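Engineer: Listed below are the residues making up each chain.
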Amino acid sequence: MEQMQTFLAMGGYGIFVWPAFALTAVILIGMLVTTLNHLRAVQSDLDRLQVPEQTQAQEARQ
Amino acid sequence: MTRKRRRLYMVLAAMSILAGAAALVLGALQSELTYFYSPTDLAAGSAPAGRSIRLGGLVEEGSVERLDDGVTTSFRVTDLTSSVPVTYRGLLPDLFREGQGVVTEGSLSADGAFVAREVLAKHDENYMPREVTDALKKSGQWRDPTEATE
Amino acid sequence: MNMHRFANPGRFVRLAERILPWTGGLAVLALGIGLYLSLFVSPADYQQGESVRIMYVHVPAAWMALFVYTVIAAASASALIWRHPLADLVARASAPVGAGFTFLALATGSLWGKPMWGTWWVWDARLTSVLVLFFLYLGHMALSNAFDDQSRGNRAAAVLALVGFINVPIIKFSVDWWSTLHQPASVVRLDGPSIHPSMLWPLLIMALGFKLYYVSLLLLRVKGEVMAARLRARSMAALDAT
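The listed protein sequences correspond, in order, to chains W, H and Y. Per the working numbering, the very first residue in the first sequence carries number 5; after that it's consecutive. Per the working numbering, the very first residue in the second sequence carries number 5; after that it's consecutive. Per the working numbering, the very first residue in the third sequence carries number 9; after that it's consecutive.
In short, the hints are calculated from the structure, not lab data. Source: prediction; values computed, not measured. Just so you know, even glycine gets a beta-carbon here, dropped at the ideal spot from N, CA and C.
Chain H is nowhere near these chain Y residues, computed Cβ spacing over 10 Å in every case:
| # | residue |
| --- | --- |
| 1 | Trp30 |
| 2 | Gly147 |
| 3 | Lys180 |
| 4 | Arg240 |
Computed footprint of chain Y on chain W; a stretch qualifies when at least three of its residues, placed anywhere within it, have a C-beta under 8 Å from a C-beta of chain Y:
| # | stretch |
| --- | --- |
| 5 | 23-31 |
| 6 | 47-53 |
With the sequences and hints as input, model every part of the structure.
Structural biologist: Below you can see the structure in the form of structure tokens.
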């Protein structure tokens, strides 16, 4: 328990060290989640859209 | 292919002109971009007098003194060529210690002393664990940052 | 014409899907090991104590801020000169990520500067030029979406990216050219790193993790851009058909 407290205190710099790491986690995970959400939204829009047979064939040839 | 080549040359030419312009502008702004003056600059009079300036250098070993009022600290800032006496009222940053870099903002008083309103610590680019510095000191290989700057 | 072999968006997406599990897995691995080393294994600094641990997120973020901008500038040049079909998409997909890394570098630097320097922020050449980089990223994002016709927006953003590239060497060398509060480089320097191996390794592994994270995210985001372009083309076709 005491060890844990020493670790969290970071020699008195805990209030600077932990926010730095937390912010890094929030931004890295946040950018990943936004990207995945966007991908999912575009995919479902693509699926929902009625695709004329002709365009599909054109795309396949590309 | 020739169109592509022409676009390539155009981009290259534009980038070189831009780089030249940037170099000229930055050269002209040299003194504005300098964050602080050294004690030698101050001694040579190349720092603007009368207005608020920043003075940077190392805190001279053995020069730090706490004055009797308890809130004023006096020390000397040196660049190993010349040094300037500084007084400062207020809290000092954690990294402020003798032999370490410091940047102070304030103005020169008539007697040649620098009255600082703000003191910032400047750390150097060396990172190592304490055990390593202890071992280096023991074996006599330790180079004090104060001596290593030149 | 060899380089256009991978320019086909459909082929790119298939390739990306094959690479992604590897880069993603390695990114998680490197970040996990790096985090463990930087928080539990690496020693406190002889001057800065435990606060030096902020370096393990601050420095990789700052390196990525410069690296991503360099990628955008290279992609923009290739879009303007060779009209490479994927280049615009790479630039578009990278800009928000670069802005994220730059923000992270500024914020963690501030959290490090307060206890060590005694201030959250100073207007020295290094900090100011990185703030300019952040605004360049924001400008790029705004410009690339400023026109109804996306290709016009991409063109304008590519010109901005190339003009702004001049800032990258300024950031890198600002600490050598001018007196700054920020210290000079510790790792990338001519006479070798001035950082002890017990702190250099955690830093390098974290930096590798950040880079793999960016590559994985870029693959996902370019795939998203390709799909969005397909969606626009299909909705146009659907409109025409009705």
